[in-house]
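Given these sequences and hints, build the entire structure.
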Amino acid sequence: GALVYQYPRRTICKSGTSMRMECQAVGFQATSVAWYRQSPQKTFELIALSTVNSAIKYEQNFTQEKFPISHPNLSFSSMTVLNAYLEDRGLYLCGARTGGNERLFFGHGTKLSVL
Amino acid sequence: QQQVRQSPQSLTVWEGETAILNCSYEDSTFNYFPWYQQFPGEGPALLISISSVSDKKEDGRFTIFFNKREKKLSLHITDSQPGDSATYFCAASRDQGGRALIFGTGTTVSVSP
Numbered sequence: 026g027a028l029v030y031q032y033p034r035r036t037i038c039k040s041g042t043s044m045r046m047e048c049q050a051v052g053f054q055a056t057s058v059a060w061y062r063q064s065p066q067k068t069f070e071l072i073a074l075s076t077v078n079s080a081i082k083y084e085q086n087f088t089q090e091k092f093p094i095s096h097p098n099l100s101f102s103s104m105t106v107l108n109a110y111l112e113d114r115g116l117y118l119c120g121a122r123t124g125g126n127e128r129l130f131f132g133h134g135t136k137l138s139v140l
Numbered sequence: 087q088q089q090v091r092q093s094p095q096s097l098t099v100w101e102g103e104t105a106i107l108n109c110s111y112e113d114s115t116f117n118y119f120p121w122y123q124q125f126p127g128e129g130p131a132l133l134i135s136i137s138s139v140s141d142k143k144e145d146g147r148f149t150i151f152f153n154k155r156e157k158k159l160s161l162h163i164t165d166s167q168p169g170d171s172a173t174y175f176c177a178a179s180r181d182q183g184g185r186a187l188i189f190g191t192g193t194t195v196s197v198s199p
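Sequence order for the protein chains is F and C.
Residues 26 to 140 in the working numbering are what the first sequence spells out, letter by letter.
Residues 87 to 199 in the working numbering are what the second sequence spells out, letter by letter.
A portion of the hints provided could be inaccurate.
To be clear about the criterion: a stretch of chain F counts as covered by chain C if any three or more of its residues have a C-beta under 8 Å from a C-beta of chain C, and this derived list gives those stretches [unchecked claim]:
1) 62–73
2) 127–135
Examples of chain F residues lying across from chain C (beta carbon under 10 Å, computed) [to be verified]:
3) 29
4) 31
5) 33
6) 34
7) 57
8) 80
9) 82
10) 84
11) 116
12) 118
13) 119
No wet-lab data here; the hints were simulated from the structure.
From the three backbone atoms N, C-alpha and C, an ideal C-beta is built for every residue, glycine too.
See below:
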């Protein structure tokens, strides 16, 4: 079956530092990867949508300079939170799908805490 | 502006009862509507989905009812079990594969034994 793994599951970083999170698709080709942030209040914010062989599309309020994303192949994507501050706290979710298929599979998420 | 809305915010039902979760959306071009189930500390898991060409989708104890004209849909959980206690998210997208999902605000369901 289709599975998405994210790591680390939890991380704590000091204010002003950066941290990288990874997303691995197993059992299918992740032609599109969407990165979301889920707030403690459980609302989802779409950060960016990455499609292999296309430019990464960032949503309003999110930039490549702050959240650089790499999607080098059909099974892996990573995102870095640069210069993290308190407002960056949350559960970062990677959702992956195969082209032409609406089904979006999520990993467990990376929970980011900022001190 | 919240493009996908859900109500109620939370819901408590007794074991065996039917839980009804509501969802509405703004954009008439949305044509794919999945529901995700999320347990604390976990990522959301796809539960059931419907496309705009259908008005009903059933999978076991979970049924989606879809009203395209009113831009509303609902998720019915029949014979609710304590293990169904979770937060349920309605989501929407515009076309197959090309767009990311827009999520609603979620309904937290508690099933009391």
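Evaluation of the provided hints:
1. Evaluation of the coverage hint for the segment 62–73 of chain F: fulfilled, as 4 residues show C-beta separations to chain C shorter than 8 Å, against a requirement of three.
2. As drawn, the segment 127–135 of chain F meets chain C at 8 residues by the rule of a beta-carbon pair under 8 Å; at three or more, the given contact holds.
3. Of the supplied interface hints, the one on residue 29 of chain F holds, with its beta-carbon coming within about 8 Å of a beta-carbon of chain C, less than 10 Å.
4. Checking residue 31 of chain F against chain C: minimum C-beta separation of about 7 Å stays under 10 Å; hint holds.
5. The interface hint given for residue 33 of chain F is broken, as the beta carbon of that residue sits about 14 Å from the closest beta carbon of chain C, more than 10 Å.
6. Because the smallest distance between the Cβ of residue 34 of chain F and any Cβ of chain C comes to about 9 Å, under 10 Å, the interface hint for this residue holds.
7. Annotation: interface hint on residue 57 of chain F holds; nearest CB of chain C at approximately 6 Å, less than 10 Å.
8. Hint status for residue 80 of chain F: violated, given a least beta-carbon distance of 13 Å to chain C, over 10 Å.
9. Look at residue 82 of chain F: its Cβ gets to within about 9 Å of chain C, closer than 10 Å, so that hint holds up.
10. Using the Cβ-Cβ criterion of 10 Å, the hint placing residue 84 of chain F at the interface with chain C is satisfied: the shortest such distance is roughly 8 Å.
11. The interface hint given for residue 116 of chain F is met, as the beta carbon of that residue sits about 8 Å from the closest beta carbon of chain C, less than 10 Å.
12. Because the beta carbon of residue 118 of chain F sits about 5 Å from the nearest beta carbon in chain C, less than 10 Å, this interface hint is met.
13. A hinted interface residue such as residue 119 of chain F counts as satisfied when its beta carbon comes closer than 10 Å to some beta carbon of chain C; here the least separation is about 8 Å, so the hint holds.
Hint check: violations occur at hints 5 and 8; the rest are consistent with the structure.
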